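> This is what each chain is made of:
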Amino acid sequence: MFGKGLFTGLGITLKRMLGPNITEFYPEEMPNLPPRTRSSMGLDPEKCISCNMCANACPNKVITITSEKGESNKKVLKSYRMDVGRCLFCGLCTEACPTGALHVTQQFENAIYEADELKWDMIERAGKSRGRGEQA
Amino acid sequence: MGLERTEELSLNMGPQHPSMHGVFRMVVTFDGEVITKIEPKVGYLHRGLEKLAESRTYTQFIPYTDRLDYLSAPHNNMAYVQTVEKLMGVQLPERAEYLRVIFAELARIASHLVFIASTALDMAGWTAWTYCFRDRERILDLFEMSAGSRLTVNAMRIGGFNRDVPPEFWPALKSFLDDLPEMMEEYFGIFYGNEIVMARLKSVGILPKELAENLSITGPVLRASGVQYDVRKAEPYGIYDRFDFEVPVRYGCDSYDRTLLRLDEIRESGKILRQAMRDIPEGPVTAKVSKIIKPPAGEVYHRVENPKGELGFYIVSDGSPKPARVRIRSGTFINIQMLPIVALGWKIQDLIAIFATLDAVLGEVDK
Amino acid sequence: MNALNQLPLNIAAAIRSLFGDPHSIWADLTMDIISIILVIVLIVLAALILILLERKVAGWTSQRPGPNRLGPHGWFQTIADALKLMGKEDVTPAGADRLMFKIAPMIMFALPMMTLAVIPYGHGMAPIRLNLGIVYYLAISAVSTLALLMAGWSSNNKYSLLGGMRAVAQMISYEIPLVFSLLGVVMITQTFNLSQIVADQHTIPFIVLQPLAFVVYLIAGVAEVNRAPFDLVEADQEVVAGPFTEYTGLRWGLFFLGEYGNMTAVAALTTTMFLGGWQGPAILPGYVWFFLKVGIIIFFQMWVRWTFPRIRIDHLMGLAWKVLLPLSILNIFLTGVGIYIYQLIVPRIGG
Ligand code: SF4
Ligand code: SF4
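Protein chains in written order, with UniProt numbering: chain A, 1 to 136; chain B, 1 to 367; chain C, 1 to 351.
Because the hints were derived from the structure by calculation, they are not lab data. These numbers were taken from a predicted model, which means no experiment stands behind them. Cβ coordinates follow ideal geometry from the N, Cα and C atoms, glycine included. Fair warning: there could be bad hints in the mix.
BS3-like mimics (lysine-lysine), calculated; alpha carbons at most 27 Å apart, straight line [what the hints assert, rightly or not]:
| id | chain 1 | residue 1 | chain 2 | residue 2 |
| --- | --- | --- | --- | --- |
| 1 | B | K86 | B | K233 |
| 2 | B | K202 | C | K322 |
| 3 | A | K61 | B | K233 |
| 4 | A | K75 | B | K291 |
| 5 | B | K291 | A | K74 |
| 6 | B | K271 | B | K233 |
| 7 | C | K102 | C | K158 |
| 8 | B | K291 | B | K86 |
| 9 | B | K291 | A | K61 |
| 10 | A | K47 | B | K322 |
| 11 | C | K158 | A | K4 |
| 12 | B | K347 | B | K37 |
| 13 | C | K158 | B | K41 |
| 14 | A | K75 | A | K128 |
| 15 | B | K209 | B | K37 |
| 16 | B | K174 | A | K4 |
| 17 | A | K69 | A | K128 |
| 18 | B | K233 | B | K37 |
| 19 | B | K209 | B | K347 |
| 20 | C | K322 | B | K347 |
| 21 | C | K158 | B | K37 |
| 22 | B | K209 | A | K15 |
| 23 | A | K61 | B | K51 |
| 24 | B | K174 | A | K61 |
| 25 | B | K347 | C | K158 |
| 26 | B | K288 | B | K86 |
| 27 | A | K128 | A | K61 |
Selected chain C positions facing chain B (Cβ under 10 Å, derived; list incomplete) [to be verified]:
| id | residue |
| --- | --- |
| 28 | I51 |
| 29 | T61 |
| 30 | R98 |
| 31 | I107 |
Stretches of chain A that chain B covers, calculated by requiring three or more beta carbons in the stretch to come under 8 Å of a beta carbon on chain B [claimed, not checked]:
| id | region |
| --- | --- |
| 32 | 11–19 |
| 33 | 26–37 |
| 34 | 85–99 |
All chains should be built: construct the whole structure from the sequences, respecting the hints.
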């Protein structure tokens, strides 16, 4: 019968209107992201052996590492910078890291105001997030 | 009479028109509301992916393929990595093959859900749109928990996967598949079964079989014109020959059949997923490939059935770690050729609907 | 209850009594000004509430809560939006016909003000009592076509022009079934006076006697105020925003106000003509009944809007000329026959 489809549609929307809503109230309720989510990269400077594997794996030359020779001829990480504006968040760098120093984190609130803030100093960030961790 | 004169109106639709998918642009000439000429203009999203590939290693190019048809990233990953594997002659472990099918079919469902949603939205069916996106969310969650990202999944590697899916993936997949029939019923109720939709799409934008074949249209658009052609059956890749599924065909050649065909495909994908879930063996998910991928010199072409059409990669290798040339055959780029021919003589509203049924994703059109 | 029912009338009488002669021209003038202000307040209030309600309904149908940040359950959202609109730059596009561009939104806003002024909100509570109420209402509401065409033409934008032309085609077509569907009621009541029509419904609302006309009027009314599924005029998927494409800030806000005002007006007329207006069980005052019924009609319109996709322009025309018009004529015919039979029977059985 003509009009049957129309009424079915009305029925469906009415059912949904009366049913529960499924919104996640984001800033109040933080989403529970699975541990594999690549929201940003985090570095554990102590574990890093400055092998440069991550920088080589990156398709977009996001990572620049400088290191210097420390005692017993071991490389010591001096600076670790990520130009996140160019990052694809593909995770190839974390896969390449042999020690697990570079890892994905679920911290997704990366919005910033200035373009310069897109240049992450990973060692500094690691210090900050550790500070936060202790407070919490 | 005589002194009166009607003038044609040429209208620039896009790249920022509200219902253009992405940044597609067309210059349309109208006589009143009737279309007399269409000139599609593509290229606003051109990022030079083919050229980028030449300066990346084989593995490094995988995340870029996510950005082709970003609504079904696993398909693009799969097309690309299978091409490289074909070139290198890598044999995948069983589990990886099954996982690839699972990812691909999930992506097909997700992509078709976006298709239904955006087609509904192009006809102002706002609520249908949210329902489809609500359910697509569950697929994206599956991707997120297993590969780490929702849209640019980047799940596959040359030689399989970088890691297995987590254990909680399987119950979530099962519950999604269990709910699928109910969801499809809801889409039917709110969108397909609606008389307004039928009136707007039925016998609109007829793409005859001959024309479709001559334009080398592929994917659901072709199958809705009565041609039973699907790369999964015609030239099975991966392990698709092991599954029992049908290639849905419709003979209406019109916009409504093109839309309905997507629903049929969701059903078939559900079937494949169930079989894959039942049969998947335990084992490793990565074949033994060296860290630095250096395929032998040579060239290879491989194609897969993307939700939107046939997606092919042509790769020339000179034996170095970087491809010498990558060429992408994207289905929608070829499919939108039909627009200026098929939409002639229809009205502006039909043009929007016809364009919607092509399911063009500009990431793939412009590359 | 009766006191509450009569409250507005008593207030009016009190104001009049402030004048030496309660029926002097000055008293009348004061009352008219007060009525006009009340109608404007009504439109603004209606828009404020309806915009939010629309968004709430949109949210509920798609399993969202709708706006919920400002105020309790987001009820202050529209106020914030209105303030935002006031802060926007007022842009007049280059090459626009400035005068027409500027007066079009004013006309659009003035129309529901004029139509809502003749609606009886309660017993004896029509701001302006007109003997030709229906004719006046229809004449005024038809002018909104003009406002949309002016906006579409003067914006110097092709999308606006397309939208404006659609507005003309659509509204003129729907005007006819709209008028014809009301004729049945007029035939029964033998009057064009809206207050009289409401008074005549105290036993039975005309929706029972005129179900066909009610359906036709409901559909044509939705089309007349350009709401989905007949919102071809501002179909954003096709013509961006139709005649409103180039409008910004308060001017755009006026269109919006006008639109929601029109929607209220159509719902108010439906209530008056078919649902018994302010008549209702005496548990609630008459004007509450009236707004309740208006609210139900508007909710129905919203529900439809968030369920159905947009109809195509040729089907829209086909619906008006091939379905609604014959149905409304059939309704007139049936009403005539009904009245004839009624007149034949009632005197015999002791009427
Ligand atoms: S996520 Fe990808 S693009 Fe970003 S730094 Fe790592 S490898 Fe480079
Ligand atoms: S790959 Fe890991 S260990 Fe090596 S430099 Fe990068 S972060 Fe440090």
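> For which of the previously enumerated hints does the structure constitute a violation, in increasing order of number?
Numbers 3, 10, 11, 16, 18, 22, 24, 28, 30 and 31, in rising order.
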